[in-house]
Amino acid sequence: MSARVGVVVFPGACDEEDALIAVNGTPGLEARYLPHGERDLKGADAVILPGGFSYGDYLRAGAIARFAPVMEAVIEFAREGGPVLGICNGFQVLCEAGLLPGALLVNESLKFVCRQVVVAVDSTATPFTSGCEPGEQLSVPVKHTTGRWFAPPKLADQVEAAGQVVLRYAADTNPNGSLRDVAGVANEDGNVFGLMPHAEHAVDELTGSTDGLRLFGSLARHLSAVTA
Amino acid sequence: MIRPKEGILDPQGQAVERALPALGYDDVAHVHVGRLIELEVGGDERTVTARVEEMCERLLANPLIESYEVQAAGAAP
Amino acid sequence: MIRPKEGILDPQGQAVERALPALGYDDVAHVHVGRLIELEVGGDERTVTARVEEMCERLLANPLIESYEVQAAGAAP
Amino acid sequence: MSEVAVNPGSGLPPGLLSQAEALGLKRSELDLICELLGREPNQLELAVFSLLWSEHCAYKHSKKLLRKLPTEGPRVLMGPGENAGAVDVGDGLAAVFKVESHNHPSAVEPFQGAATGVGGILRDVFAVGARPIAVLDSLRFGDPDTPRTRYLLERVVAGIAAYGNSVGVATVGGEIYFEPPYEQNCLVNAMCVGLARKDRLVRSAATGVGNLIVLLGARTGRDGIGGASVLASAELSEADHDKRPSVQIGDPLEENKLIECCLQLVDQELIAALQDLGAAGLASSTSEMASKGGVGLDLDVSKVPRREPGMEPFEVMISESQERMLCVVEPKRLDDVLSICARWETRATPIGTVTDNGRLRVFDGGEEVGDMPVPALVDECPLYDLEPAEPADRLRAFADPRAVLGHDSEPEESLRALLSSANVASRRWAFEQYDFLVGSRTVRRPEQADASVLRLMHAGIETERALAISIDGNGRRVACDPYIGTIEAVCECAANLSCVGAEPLGLTNCLNFGNPEKPHVAWQLTRAVEGMASACRALDVPVVGGNVSLYNEGPEGPIYPTPIVGMVGEVPDARRSPSSAFNGSREGSRPDLVALIGPFRPALAGSELEKLRGSVVPGLPPFDLRPVVEALAVVREAVRAGEVASAHDVSDGGLAACLAECVALGGVGAEIDLDPLVHRERIDLEAALFGEGPGGVVVSGPREALLALSNRAHRVGFLAIGTVRGPELRIAAGAATIALSVEEAGRLFHSGLPARLS
Ligand SMILES: Nc1ncnc2c1ncn2[C@@H]1O[C@H](COP(=O)(O)OP(=O)(O)O)[C@@H](O)[C@H]1O
Ligand SMILES: [Mg+2]
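Protein chains in written order, with my numbering: chain A, -11 to 216; chain B, 5 to 81; chain C, 5 to 81; chain D, 2 to 759.
The shape of chain A in the complex, shown without the other chains:
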């Protein structure tokens, strides 16, 4: 039986269907939507906060979504060790919610940037990268205005030391000016992971690349192990 992945839908979401397609295209996973007003996760084995512009990204990206009713359940699920993946806007929401360290700032260019980039896997100690090789390079697109990961120096050192940096942009390809080329970070336990690159837009050769499946495939394997 496939593991169930809940894809949270906030008002103003954009890439929720793309996340759904990516999950459903991964053997062993099955996706369903979790509307923002839901108070429980309907038995989801993992949760994805997809990309988009929740609540228009008005005020600050992710700031308002973080208070949606469904987030209480997501936070509790994360605290209990459930796998939670935040992609782009989802990453911003997880930082705003305090589930991930640091914050995302406006790109150095001040502009939205949509391009294919290469990221290297720095940590395989998350359910989303456990199937990757350390240092493995993935070709995935980014598309965001607010993707410059930042943490005050002490926090950044802690995050590095604890091995929480999961993805880094390959040398000279950092699209937003993020600190230490960080493209994705996890919490201390590794079960909550946020990344700016859109892994869900890299699941089909026809539309660009399939490297995103490395992440979804890892999750499928992880879930089949824990639910078996």
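These are computed hints drawn from the structure, not numbers from a lab. Watch out, some of these pointers could steer you wrong.
[Said to hold, decoys possible] Every beta carbon over 10 Å from chain B, so not counted as near; a handful from chain A, in silico:
id	residue
1	LEU98
2	GLU124
3	ALA144
4	THR161
5	GLU176
[As the list claims (entries may be wrong)] Straight-line C-alpha distance at most 25 Å; calculated DMTMM-like pairs for lysine to aspartate or glutamate:
id	chain 1	residue 1	chain 2	residue 2
6	C	LYS9	A	ASP145
7	A	LYS142	C	GLU61
8	B	LYS9	D	GLU155
9	D	LYS61	D	ASP89
10	A	LYS99	D	GLU41
[To be verified] Covered stretches of chain A, as calculated for chain D (at least 3 residues, CB under 8 Å):
id	region
11	-4 to 6
12	40 to 52
13	100 to 109
14	187 to 197
Since the model is a prediction, treat every value here as computed from it, not as a measurement. Glycine included, C-beta positions come from ideal geometry on N, C-alpha and C.
Given chain A, put chains B, C and D with the ligands in place with the hints provided.
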């Protein structure tokens, strides 16, 4: 201080206004989100204010949709 | 009033600072761009300020990267 | 009600006439309004008439001309007259599309103007029940060296990005040209393509007496009332004036919810008609819905949710507040409709009912504040005949482009200048600001191929097929010859589709011209429409919709006449859509051959090279459409058969620029010999290298495949011109050789635009 002009749609303000009750603040009204630009310019207060107003008119604000107000914050340290 | 914290790169402020000399303002320094949020809340000044500070802490600002300052503007008309 | 007998030409109170004139109505039009009403209009009626009888709503100067366009075809599901056109794309699906201009608002406030332009064209597409899947933008600015152009470009692109990205629709393509005549009056045209189930297409005709008119979406403010504020009953102070913003602000979050809400209403078949609120707001949307349904409507403006206190009824009727839609609902379905709207957090308010009296009656609570016959509003506006006259000098109205290249420049220097020129250089600076991926349909991204390719997938229906989309138009060439230039624009669009293996299914267009009351502008417009009609007939492509934007003039005169053509085509196998770039991966084994297909007869007239030399002269060489159409079919078949690895049509900058792009984008060099072309066409070297014209496509592919293709392509023109290999592009033609390293080609091409903007 740059604000959306009266009568101009302020989607940001609306979004904040709608978000606050969920956090338990249900008596908040008329939320508007604008921009705060702080800068240091040399000169005495009168001329500085006049020059910054000119900057607002020409660059900092969009007079078609925004109004601005200049406040002098005293001499720089 | 919400400002980018000191020490954090503020590309918006930099962009303004770079644009001003082209308009003939070449003695402007330390430009920072923040947000100005104005809202109406009931209550006396002390409690209102405290409540709005709480809103900033929880929603309006992100304390990791932004500092905030609350100013009471007097009773609503 | 006024009882003054109307005696056209005499009895009108002077106040009324001056108000009408301030609103843009002619005296004769006011007389006609009085006659149709049987009395003088009150203030609200005057406001409504003046807007519905404006050029923008009534197409006073273009309606007769547009009848020349072919609009029928076996695949057409909806033609001009609906909010957007629709063609059958098989599997029970329809592709819905339209292009629209937002030129003037963008010239005033480029960010919001462009943003709301995107919002508006999306609404036209989901108004017929289609999910918007792609946006393309067609932009025209002045010389990129002026601060005004840089400001407009930056802000327009940022506005499109802000709205399109945030609403969640991919911006997959477009075009940008820089020419001095657009300096004051930039052009911002946006095209949207959507997908719908064929059996769920919705029309805008209001039907069913007793049905409810329900307003959806944003609250109504005083947006866009500026011009009509002469009608405000109270004296206006400066401060009040500020309350009627001429600039509308877009709210993509509201639109995102509105799209989902409307599509769900359509999907559940809960509404009888749907219509967006665009120019002239409620006034135009209600009267057009009533007109199409042959019914009347009673509206109560007091029910309309307001953003501002103290709005007058006429303001509510003509407000252009964004992100609003109108639908017709049977009373028994109202509760279902309201509950879906609540789910999407979309405001929904019944504001009127359908009647059988053919009148638009407006109430403010219990009081009647307006009563107008619907046909008078929609059908009786006088149409004007154009008075075209060909000017002695077609280009006199336009300033010459600045010369940046000498008349005797060497070929290599010319190629460098062209490749990095504002009109030829890569548009990456712009398109990277757009989300071209959302929706998971994008098979060919910007710059990967001549047309954008999107997988055909909608509402659980998956196919192997794809849609190809392109938008094109070259105002300078149209200025040189409006008839031929417009034909070329249509051919260019079709060529782009052929390069990805697509067959055109339908065409949409936006006619951006100057003041049609000027005889030479009328002539340009007439010839352009005639050219479009000829090209569409030759290609067998129906026109399914479009838009007209007239009076585009700055203080220095009119813009270049600029018909913009958008086309949607069908690709049978999404996996077989080659890129524009040469493919270096087979290098070493047996490198790909390069061939030029088609009856390409390059000439320097109207070319980018002439522009760089500051000497554009009137006239374009005439050509036969039939062989061009045949050549495009040959290319299309070759692509579909998988015979070619790349296909790129020859356009701005001619063959040399085309080849340099194939090299720059492919990261591999080529050895090219243009002597075969020079001999076939008996042209000089410069014309062969940099001449432009329709009907040329550069393809590359494995030797055997191209040799096989040459047999079939022979009759439409096939020249083997070289090989894909090496670290540089070498072009030999007669005694001249051009050599440009791959690296330099890439640098020139990619830095051309950003270098001009910093
Ligand atoms: N250049 C054109 N070619 C074909 N159809 C056109 C053209 N211009 C306008 N139309 C058609 O006329 C109708 C009215 O256009 P428009 O006023 O732009 O519609 P809307 O108000 O829905 O935006 C539409 O159906 C449109 O497709
Ligand atoms: Mg419409």
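Quick rundown of the hints versus the structure:
no.: 1; hint: LEU98; result: holds, 14 Å
no.: 2; hint: GLU124; result: holds, 40 Å
no.: 3; hint: ALA144; result: holds, 26 Å
no.: 4; hint: THR161; result: holds, 32 Å
no.: 5; hint: GLU176; result: holds, 27 Å
no.: 6; hint: C/LYS9 to A/ASP145; result: holds, 19 Å
no.: 7; hint: A/LYS142 to C/GLU61; result: holds, 21 Å
no.: 8; hint: B/LYS9 to D/GLU155; result: holds, 23 Å
no.: 9; hint: D/LYS61 to D/ASP89; result: violated, 31 Å
no.: 10; hint: A/LYS99 to D/GLU41; result: violated, 54 Å
no.: 11; hint: -4 to 6; result: holds (count 7)
no.: 12; hint: 40 to 52; result: holds (count 6)
no.: 13; hint: 100 to 109; result: holds (count 4)
no.: 14; hint: 187 to 197; result: holds (count 6)
In summary, the numbered hints that this structure violates are 9, 10.
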